[in-house]
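Protein chains in written order, with this note's numbering: chain A, 41 to 412; chain W, 64 to 216; chain L, 45 to 322.
Since the hints were derived computationally from the structure, they do not count as laboratory data.
With beta-carbon atoms standing in for the labels, derived distance ranges: (1) W/PHE187 <-> L/GLU111: 50 to 60 Å; (2) W/HIS202 <-> A/GLN286: 29 to 39 Å; (3) L/ARG242 <-> W/ARG81: 20 to 30 Å.
The C-beta atom is built at its ideal place from N, Cα and C for all residues, glycine as well.
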Amino acid sequence: MSVETDAAQVIDVAGFSQLLGWLAEQGYRLVGPTVRDDTIAYDDIASAEDLPRGWTDEQAPGHYRLKRRNDAALFGYAVGAHSYKRFFHPPWETLWRARREHDTLQIRDEPSPAQRLALIGVRACEIRAIAIQDRVLMERDPLYRARRADTFIAAVNCTTPGGTCFCVSMQAGPQVSTGFDVALTELGGVDPPAFVVQAATRAGRDALTAITHRPATEAEMAAAATAVQHAAGQMGRQMPSTDLPQLLLRNLEHPRWSALAERCLACGNCTMVCPTCFCTTVEDTSDLSGREISRARRWDSCFTAEFSSVHGGSVRPGTRARYRQWMTHKLATWPEQFGTSGCVGCGRCITWCPVGIDITEELAALAREAAQ
Amino acid sequence: MEQLEQIIAAHPLFAGLRPEYARLIGGCAHNVRFEPGQLLLRHGASADEFYLLRHGTVALVLTAAGRGALTVQTLGPGELLGVSWLVAPYRWMYDAQALETVGAIAIDAACLRAKSAADHDLGFELAQRFMGVLVRRLHAARLQLLDVYGTHR
Amino acid sequence: MDTPLLDPLRPHIARVRSTRREAPDVWTLELDADQAPPCGFAPGQFNMLTAFGVGEVPISFSGDPAEPGRVRHTVRAVGAVSSALTRLDCGAVLGVRGPFGTGWPLPEAVGRDVVLIAGGLGIAPLRPALYQLLAERARYGRLSLLYGTRGPRDILFRRELEAWRARADLTVEVTVDHATHPWHGHVGVVTTLIERARLDSDRTLALVCGPEVMMRFAAEALGAAGLAAEAIFLSLERNMHCGLGTCGHCQLGGLLVCRDGPVVRYDRVRDALRIREL
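Start from the sequences and build out the full structure, keeping to the hints where you can.
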C-alpha cells in the first residue's frame, strides 16, 4: 500500500541542509548516516557535511569495506551494521531504580525517554523494519511508544544496493511506498548532488514549504524512477520465492540444520544487526549495601544458552536448535505472531556473519534438498 | 469353576476374551487371599503362579543393602502381578508384598504355558495382552528413570 | 505517584504476610496485597515476582481465586531468584507484576467430569482450579486429582490433600516415583494413575501440569484412555521474562507462552512438543 504524495520537487544540497536546519528548529534531534569506525553508522547529524559524502561500501558474506566513490553522492552506499532500531529500542536502558530504607522500598521511574526524532536518509528496508517493530512493540512496550511517538522520517529511495541486499524479493524496497514524511531520490550523474523530493504528510509539506525548491521536470522524475528501477535490478541476493513458513515448519528436523550448526559460531551477530530482532533480557543489580537497586533491559540473542533456560537447563542446548529458532522465528512463526514476515531483505545478517552464512542460500538449499 | 471364568473374563487384562479361552485359563486358576505384610512373590523363587489382582494393593519391593526396602511399583485391583513366568528361567526378580488384604485369582504358570504350547492361537492371544502390559510398564519405568521432578543442573 | 508510563514493566511492591514450608525446598508465600493492585486472577495464571536486587521469575498463583486479598505463590528454590524468594521472612518486600497468561478452561468444564493431573510442583498452578471446582462443585461431574511426585517427602499441600481425600465428591490419588518404607501409598509414575482412573472419555476434561516430559507422557496416556486432544489442557513451562510477549524468551514454535499460554489445548502444541529442542 502506498501513500499519496504531492507533486515532485527538486532540491540541491543547500536545500537539503535547509531541511535539516528547519527540522532542528522544530525541536527534532537529527539522526542519519555518518562514517564511523570504517562503517556507515547512524548518529547525530547537523548538516549535509556530516553525511558519508562520496563514500560507498562493498558487501559480501562476512565482508564489509568502505570505499571512495568517484562522485560526491550523499546516499551512495547501502546499510551498515547499525539500524534505526537502537533509537526506539535501545541496546541497553535502565527500566527503574529503587531505594531501600529500613524495611520499605521506593521505586522510581526513569525520566521519560519521549523524543522528537528526525531520521534522515531512511531506506525502504529500514522503513519496513520500523513498521515491523511497531507491530511488535508499539502497543505493549511503553518505552518504545514514548520514543517512537514523534518521529519525522526523511526517506531516501535506494539507488545503491549492497552485495548482500535482497529487499526486492521481500517486497520491501528499493522504492519507499509508505511510512515517511518526505522521500528523496538522489539524481545520479549530477554534481553537486540534487534530489527529487516528494512530501507525503502535513509535516513533510511544512518542511518542503520552508526550504528552497522548484518543481521537478519530466526528465528529472524519469531519471529518479530509472535510478530506483536500476537499483531493483542490482540486488546481490534473492530470497527463494517459495512458501517460506511452510518450507521451514515442514522441515524442522531436516539434516541441513545440523550442517548449518557446524558452521555457525552462535555469536549472535545476526540478531544484533537485524533491524527487526527485538528480544531483550533484564538484569537486576544492587550496590553492596543492597540499598540502591536497579533493573536494566538489554538486547538479548536467541543464540545464547541462557536465552531459553528453564530451571533444569536450556531448552535449546545446541547451535542447531538455536539457529533453527532464529530462522524459523524470523520467517515462519513471526507471521503467525505479528502478521508480517520478520525479514526485510537488508542483508545485514549475511554481511556481518563472521563465517558468511547466507540466509538466502540456506533457504534455497533447504528448498532444494526438501524437494528431492 | 464357572464363576472363576466369569471373574477372569471381567478382569481388564482379559477384557473381550473369547469364552473358550476364558474356560481354558479358568482351568489353571484358583482364588487366593493374602494378609497385609504377606509375600505373594519372593525374589529368586520359581515363578509358579501369577495373579490377577481383585482387591487390595501390592508393592513390588527390592531390598538394597544400606538403603532398606525400596518399593519400585505398586499394583492394585484390575492389574496383573507377575510376568517372569512368561520366559525362562521363570524366576521372580522382586518381592511382592501385600500392603492390605489382597484378593486375587492365582493362575498356575506351568498349566497355562502348556496350554499355550498346545494351542498357539491361545498363546498369541495371551502374548498380545501381556505384551501390552509389558510395554506400558517399560514406558513407565523409563519415565521413572528420568527422575523428572528432580533438579538437574 | 504511579506514572502510567512504566506500568507493565515496573513491579508493584508487596510484602510477605506469611510463609509456609511445604517440602524441603518448596515454600508458599502469602502476600500482603495492600500496596499491590487488587489482584484478581484466573486459576492457571502467573505473576512475575521480583526478589529486589536479584531478579524476577514467573510464579503461578497457588491460592484461592475467591480470596483476591490473599495472594499466594508456591516457590521452589532452584535458581538464584527463586532461592532468594524462599528466604524472604514475614514483612519482607518483594515485587509483583501480573497477572499474566491464560487460565484453565473452567467454563468449558461445566457439566463435565474433570481430572487434574499434577506432577511435582505442577500441583501449585492446579490448586486454584481445584478450589474453584470445589466451590462450584454442583456444576461439575466426577472430579479427580491424580498427583505424582518424586518421593513422599516432596508431596506438597499435605494437609489439604488429606482433607480432599476425605471428601466423597472428589477422588484423590497420590503416587511417588521412589519410596522406601514406611510409605504405603502408590509407587509408580503418575501415568499409571491415569490407566487406573477409568475415565469416562466422552465426558472428561483433563488439566495437566508438571515437567514437560511428564505432561507428554500424561497426554499420551489420556489419549490411550480415549480422550480427544481437544479435551486435554497443559500448562507449558518456558522462561517467561516480560509477560507481555515482547522479550521473545518463552517461544514454543509460534507460541509466545507468556501471552498465548501457559495453559494451552494439547492439539495446539502436540506436534511442537514432539520436536527436539524446539
